[in-house]
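Undergrad: Residue numbers (the numbering used here), protein chains in the order written: chain P, 4 to 172; chain W, 503 to 1228; chain A, 4 to 105.
Please note that the accuracy of each hint is not assured.
Simulated crosslink set (SDA-like; lysine to any residue; CA at most 25 Å straight-line) [as the list claims (entries may be wrong)]: (1) P:Lys29 to A:Arg92; (2) W:Lys1203 to P:Ala145; (3) A:Lys104 to P:Gly93; (4) P:Lys82 to A:Arg92; (5) W:Lys1203 to A:Asp93; (6) W:Lys531 to W:Leu1022; (7) A:Lys104 to W:Leu1022; (8) W:Lys1203 to P:Trp95; (9) P:Lys123 to A:Leu12; (10) P:Lys82 to W:Val1204; (11) W:Lys1197 to P:Lys29; (12) P:Lys171 to A:Ala76.
In short, the hints are calculated from the structure, not lab data.
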Amino acid sequence: MDPLQIIFFIFAVITLVAAFLVVTAKSLVHSALWLILALFGVAVLYVLLDAGFFAAAQVLIYIGAIAILFIFAVMLTRKDLRDAGSQQNGTWPLAAVLAVVLFAGLFFILSSWSSFGMPKPDMPAGANALSDLGLALVSANAYLLPFELASVLLVAAMIGAIYVSLIKK
Amino acid sequence: MATETLIWLLPLPPILAFFLIVLFTNRSKWFSHTIAVGAALLSWLGSMIVFIRAVQTEHLGQHPFESSIPWLATGDTFLKIGVLVDPLAAVTLFFVAWTVLMIFIYSVGYNNFGQPKGDHDKPGLPPHGATATDNQGHNHAVLSIEPMYSRFFAFIGLFAFGMYTLVVSDNLLTLFVGWEIMGLCSYLLIGFWFQKPSARAAAIKAFITTRVGDVFMLLGVAYLYSETNTLSFREIFTPENLIRLAEKPSVLPILGLSTAGLIGVLLFIGTIGKSAQWPLHVWLPDAMEGPTPVSAMIHAATMVSAGVYMVIRMFPLLSAGMENGQLTAAMQLMAVIGSFTALFAATIAVAQNDIKRVLAYSTISQLGFMIAALGIGAYVAAAFHLVTHAFFKALLFLGSGSVIHGMEHGVLHTGNHHVDPQDMYNMGGLRKKMPVTFWTFLIGGFALSGFPLVTAGFWSKDEILADAFGHHHWVVFGTLALAALLTAFYTMRQITLTFLGEPRTEEARHAHETPWTMLLPLVVLAVFAVTFGWVGIPEDFMGLRLPPNWFHEFVGGTLLEHPEKLTFNWLPLLTSLFVALGGLSLGWVVYIKVKAGMGDPLAKPLGRVYGWMKNKWYHDQVYDTLFIKPAYWISEQFTYLFMDRKVIDGFLHLFARLTPWIGKGLREKIDLPVINGVIGDGSARVTQYFGRRLKFVQTGKVQQYMLAALVFTFATLVYFLFTLRP
Amino acid sequence: MIPLSWYLLFAAALFCIGLFGVLSRKNAVAILMGIELMLNAVNVNLIAFWRYLAPAGIAGQAFAIMVFAVAAAEVAVGLALIISVYRRRDTVAADEIDMLKW
């Protein structure tokens, strides 16, 4: 086992446990905090995949914005300071079975794929993934349009969110 | 213009007048009568031109003006129709044109053109008088204008068209068309004042009675066509055709009639109807319900003459097979019926009080003369009497109309509307009040009686009597002579009662002469009534050597074999003179003494016979019992009550009961239970049942929806994976 | 050397956990957290496939960027909606927001 594999293993386990706790925690605030941990773990995995930018983006966007937003939302939607009762609804056994079946199915399908156990290839010589990405995002031949549309989408979401949550007198 | 083209155009102006008046000028009286009289004038002009040219043509009989077009395709051949003017048609055109024109002009005055509208006049009733205020403020009752003025002119225009068509046609088909158009017009015009029940009844009587004759005539035409395959006169009257038809026995071998004989009899029956011979004479006296110009036109000058014209035209056929003066069956029938009718009608005329009725029976009687003449083979004499009779009878009718108008003036003056202006016993002394009418009527009456030498009637009637005598038909001669005596008698009776003596009523005292539009035609016709006879004076009259008889030469040329000229004999001439003068004087003597309030001087001496004469020998009553009542019975009891109501309606009612029964059954057995119950309501109930139970699937909870979706998706996926794995 | 399979299985597990959360949590905000987990799993998949199969290309990265943006937008709107619903009906339990039912 080389060191990368160990790091992967540790952080994968951390992430999965945190994720599991997210969906089973009784207190919503705990859920949110476990979510932050899980997102961290995913960021580490990005680093392992030589996608440093994405790791940074993950931390900034997901943890820095989205998770905080979650905490705000939890705060704003509490009736009293205690969460009462079980946080699972009545059909949670079926959901569990379904999740397990899905996982088994995915594993099943993927394992019959030829490149399933493929080792990591080297990065191409002279390739600068980040600058390539940057250039691609502003090049009209590449991903300029999706980039612009994404910004439009964000604006729309912002306006929509504001509008939906306006308190009308 | 070629004569043939002109002949084609002769019937055109009157029919154009008819359509123009009906479509456009119905509202304007002046336009209507102008168009009508103008049309009559145009046709008159054309007829005169044709007549003059005809007279100038040598041997017109062999080379008549003719023109025909192929009209109806019948297999390989064509039925041709066209025009033909031979001598007979030429003289007929002459009198038709003149009398039609005169009657049209007369109608303007008769319908009181220029007079105010009546006080209570309604369309459909005769005009009843208007109140006019003169310049001193006095109200006078005056004659009022006929409300249906334009309609009258339209109808007589149509009528003239029918007559012209009949006269110029060269075949039986268009002749029959003209015949029927005139029949229609006579119905329309006899029933002109349609609000009067008597007029309506008279119109129907006329139409139906002539129809009886027309049916037989059509049978004759059809039979003729089937034998000769043509209806054109020139083609029928070839000698080969005539001999063949005369020798071939007919399909109905009754009385051993040959084909020609049967056809002749059938055609003659048409004339019996149209020319009001016994026994189909009953319509003509009732036809006096129509306005007087109508009586003149239809029943004196033109329509009834058409019947005689037709048999004269068909004379070659009727006389086919005649050998050595032996009359054929058709001719014998004609002679018998003609002479009988002449005498029969004359007896009735003697006892009539209505001025127009006398003339009506007189017409029937004179037509009998013509038929009898033709029956004994006197072709030219019959044609001659046809022409002269048209002139003087039209004159007499128009004159009687003038008299009646004059009397109506008197009635309006006295205001007593119960006085019949047509009853001769209410008249008297009118010669002083209505001189022109008097003199023209006198001329006409003398012509009718056969006053010697100066009247046309004398020459034509004398020729008939001479022919009868010369060919030894004694019975016919005697009957006709007796009829002529009665004719002169009742004519003088009529003139005496109407014009001579003193007025018998106030109304007669205040009678008034009629306007020039009515007097001018009287004068013109009087001229012809005097002069026309002179074209037919026999060559050897009274042993003198006179110019040849133009009429005999001209009209006689129509036939293939020119009729022989009769040698003069004194006896018929003396008989003519005796009956004419004797009858006239007798009439004067008997009736000059009739004063107001007195009855007919003949009533007592003749006793019961007078009653029979006055009542037309009860023919109407006999026909009523024999034909009319049974016909009504059949139509009412049998056809209506039994056939129509019980059988046909019963059948329909059966359906009416069956259909709802079927409908009810369908509704109750199929519609309601099956379609509504099973299909309609049933499917609704099933749907409802499932709906009510299945609706709970929609809980509104999103997570449950997602769960369900995912479960099904994975199940399907698993299934496919396991079935597709090799 | 970390084979691709490890990443893929990891992503699958994360996804399933997220799915479990979505289907079984009462609180609407918790459901959104489950959705976040699922989106992250997808991103991991994308980056892994990019790195292992086409490291010279840009497509994987660009797609992952888009997922980031979309996820952010979606969380914003979703939470705004939940807050709005909370204001109206005074509850954020998914079970109690069930008006579109029979």
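Undergrad: Are the Cα atoms of lysine 123 of chain P and leucine 12 of chain A separated by 25 Å or less?
TA: holds, 16 Å
Undergrad: Hinted pair, alpha-carbon criterion (25 Å max): lysine 82 of chain P, arginine 92 of chain A. Please report holds or violated.
TA: Judged against 25 Å, a Cα distance of about 11 Å means the pair holds.
Undergrad: Can the restraint linking lysine 1203 of chain W and alanine 145 of chain P be considered satisfied, given a maximum Cα separation of 25 Å?
TA: Roughly 42 Å between the alpha carbons, so the hint for lysine 1203 of chain W and alanine 145 of chain P is violated.
Undergrad: Does tryptophan 95 of chain P lie within 25 Å of lysine 1203 of chain W when you go C-alpha to C-alpha?
TA: With Cα atoms ~14 Å apart, lysine 1203 of chain W and tryptophan 95 of chain P stay inside 25 Å; holds.
Undergrad: Given the hinted pair lysine 171 of chain P and alanine 76 of chain A, is their Cα-Cα distance within 25 Å?
TA: This hinted pair holds, its Cα atoms lying about 23 Å apart.
Undergrad: Lysine 104 of chain A and glycine 93 of chain P: Cα distance at most 25 Å?
TA: At roughly 18 Å apart (the allowed maximum being 25 Å), glycine 93 of chain P and lysine 104 of chain A satisfy the hint.
Undergrad: Would you mind confirming whether the straight-line C-alpha gap from lysine 1197 of chain W to lysine 29 of chain P stays at or under 25 Å?
TA: At roughly 33 Å apart (the allowed maximum being 25 Å), lysine 29 of chain P and lysine 1197 of chain W break the hint.
Undergrad: Hinted pair, alpha-carbon criterion (25 Å max): lysine 82 of chain P, valine 1204 of chain W. Please report holds or violated.
TA: holds, 22 Å
Undergrad: Is lysine 29 of chain P within 25 Å of arginine 92 of chain A, Cα to Cα?
TA: Status holds; Cα separation ~22 Å.
Undergrad: Next pair to validate is lysine 104 of chain A with leucine 1022 of chain W; report whether the Cα-Cα distance is within 25 Å.
TA: Roughly 109 Å between the alpha carbons, so the hint for lysine 104 of chain A and leucine 1022 of chain W is violated.
Undergrad: When you check the alpha-carbon spacing of lysine 531 of chain W and leucine 1022 of chain W, does it fall within 25 Å?
TA: Distance of about 21 Å is within 25 Å: holds.
Undergrad: Hint check: lysine 1203 of chain W vs aspartate 93 of chain A, CA-CA at most 25 Å. Holds or violated?
TA: holds, 17 Å
The structure fails hints 2, 7, 11 (numbered hints given earlier, in ascending order).
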